[in-house]
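Start from the sequences, fold in the hints, and give me the full structure.
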Amino acid sequence: MDVIVSQLFTGASTGAVLLLVALGLALTFGQMGVINMAHGEFLMAGAYTAYLTQQAVSNSDVSLLIALPLGFLVAGMLGLLLEMTVISRMYHRPLDTLLVTFGVGLILQQVARDVFGAQPKAVASPTWLHGQLDLLGYGYPVTRLFIVTIAVGCLAGTAAVLKYTALGRRIRATVQNRDLAETVGVSTRGTDRVTFFLGSGLAGVAGVALTLVTATVSNLGTSYIVPAFLVVVAGGIGQIKGSVIAAFALGIVGAFLTYYTSGSLATVLTFVLVVAFLQIRPQGLFTVRTRSLA
Amino acid sequence: MLELRGVTAGYGRTIVLDDVSVVVPTGDAVAVMGHNGAGKTTLLRVAVGLLPVRAGTVLLDGEDVTRLRPNARVRRGLGYVPQGQQCFPQMTTMENLQLITTSKAEIRGVLDTFPALTELLSRRAGLLSGGQRQQLAIARTLLTQPRMLILDEPTEGIQPNVVQEIEQVILGLTQRGDLSVLLVEQHVGFALRSTGSYYVLESGRITAQGEGGAGALDSVRAAMAV
Numbered sequence: 018m019d020v021i022v023s024q025l026f027t028g029a030s031t032g033a034v035l036l037l038v039a040l041g042l043a044l045t046f047g048q049m050g051v052i053n054m055a056h057g058e059f060l061m062a063g064a065y066t067a068y069l070t071q072q073a074v075s076n077s078d079v080s081l082l083i084a085l086p087l088g089f090l091v092a093g094m095l096g097l098l099l100e101m102t103v104i105s106r107m108y109h110r111p112l113d114t115l116l117v118t119f120g121v122g123l124i125l126q127q128v129a130r131d132v133f134g135a136q137p138k139a140v141a142s143p144t145w146l147h148g149q150l151d152l153l154g155y156g157y158p159v160t161r162l163f164i165v166t167i168a169v170g171c172l173a174g175t176a177a178v179l180k181y182t183a184l185g186r187r188i189r190a191t192v193q194n195r196d197l198a199e200t201v202g203v204s205t206r207g208t209d210r211v212t213f214f215l216g217s218g219l220a221g222v223a224g225v226a227l228t229l230v231t232a233t234v235s236n237l238g239t240s241y242i243v244p245a246f247l248v249v250v251a252g253g254i255g256q257i258k259g260s261v262i263a264a265f266a267l268g269i270v271g272a273f274l275t276y277y278t279s280g281s282l283a284t285v286l287t288f289v290l291v292v293a294f295l296q297i298r299p300q301g302l303f304t305v306r307t308r309s310l311a
Numbered sequence: 062m063l064e065l066r067g068v069t070a071g072y073g074r075t076i077v078l079d080d081v082s083v084v085v086p087t088g089d090a091v092a093v094m095g096h097n098g099a100g101k102t103t104l105l106r107v108a109v110g111l112l113p114v115r116a117g118t119v120l121l122d123g124e125d126v127t128r129l130r131p132n133a134r135v136r137r138g139l140g141y142v143p144q145g146q147q148c149f150p151q152m153t154t155m156e157n158l159q160l161i162t163t164s165k166a167e168i169r170g171v172l173d174t175f176p177a178l179t180e181l182l183s184r185r186a187g188l189l190s191g192g193q194r195q196q197l198a199i200a201r202t203l204l205t206q207p208r209m210l211i212l213d214e215p216t217e218g219i220q221p222n223v224v225q226e227i228e229q230v231i232l233g234l235t236q237r238g239d240l241s242v243l244l245v246e247q248h249v250g251f252a253l254r255s256t257g258s259y260y261v262l263e264s265g266r267i268t269a270q271g272e273g274g275a276g277a278l279d280s281v282r283a284a285m286a287v
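Sequences listed follow chains A and B, in order.
Numbering-wise, our numbering comes out as the position in the first sequence, counting from 1, plus 17.
Numbering-wise, our numbering comes out as the position in the second sequence, counting from 1, plus 61.
Because the hints were derived from the structure by calculation, they are not lab data.
Not one of these hints is a red herring.
Just some of the chain B residues that point at chain A, by a computed CB distance under 7 Å:
(1) Val-109
(2) Phe-149
(3) Met-152
(4) Thr-205
Per the computed footprint, the stretches of chain A lying under chain B, defined by three or more beta-carbons under 8 Å from a beta-carbon of chain B, are:
(5) 175-187
(6) 194-206
Cβ atoms here follow ideal geometry from the backbone N, Cα and C, with glycine treated the same way.
Right, here's the structure in full:
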């Protein structure tokens, strides 16, 4: 029983990190269909923003709180720049987008290595996140709980923006039928830019949060980008609720597999399970029901 | 007023419209008729900006809008109801309307025109019937408060009892006087009843034009039979 509870908590915590990373991707890939391989580097940008913020504000108790919105802005601006200069010229050319953004990701990694060096940078966690919280007899690290809180907060914020705001309606309309959106007065170009800003910004927030559990290095994003794509695809393209379930499912399954096998074998087995799942259900967990495609 | 002057347009290497000119005077209703593949929808796509012209000009109330994107034309008073009862299927009926405005009074206004939509506001548009989706498409376009309304086959593929409702609304719109209407319709009788003048388009060229009304039925049928 102890093993089940502890692995469930470990899996939920990994799932929260995955969700946080995948949430931005759920907007740019899931909603817009852009395969942005540089998304992981926006994560890295958020992590280095946390590091720089801590250099500027030595009090780690407040620097994290400053870094969260700052990371969102920095990664969001990077995403916006990428969308305006590169991706906007490649809509409907997914293979080109994949290759070019992969190249952009490598450039960003090299720039980070040149600026910050190859050595990992540690970001001290605030004292109010030290310690553990006792949940069902299991000592749950407060940092992990904080990441879950950020993930849930970002999820709720994203869902609220998409569901209840004019911007959200414009984003969904553009995703569902670009031409029709234009002819009802939606500036689809402007909407693309804002969506990309939001999606990339969320990656920045994820990067800041990751500094609580891992060291900041230039290739931080590469370890998360593939699992994040898996989450979005397995959840069902364009379905954020699917991404939520897929993130936690992958996290929990991965935790149990790691416990009973090893870390690397667990990764392989998780991939195999996702591939097998997509063979049975290629559309992912959730699909859209309509009476017609119009 | 909408004016397409000497428009040539197409897809890839195929020319679909060849030097076509159409004028919709302010407050008037004009029908464009023709067989499938004649270029009617292409003409409308050029008018709203979804398809660039290879030659020619599109003027809206005297302003050259040829290079403007569709959303900029909407802001200048161009409304478009596309073919195929198009809507945003994953959004509810209300969200489809709120995409244009959140003003309750304005939404109530279009719901008065299409009362059937009132009970469907929380239903996803993708789950509506074809007739309901067409009513939603027209309601949504009316919310953009167009001065120039373009309708592409508004009664196509819709059950007869709903067709009558939609025809009544369109007849009302064409008779408003403050709204110009460009109507593409295969149902020749309805098109001529609703509009003051017509164009017949065949193989990307205007082959006939004249005054509308029931008296034009024979000449339009003759032009389309050629």
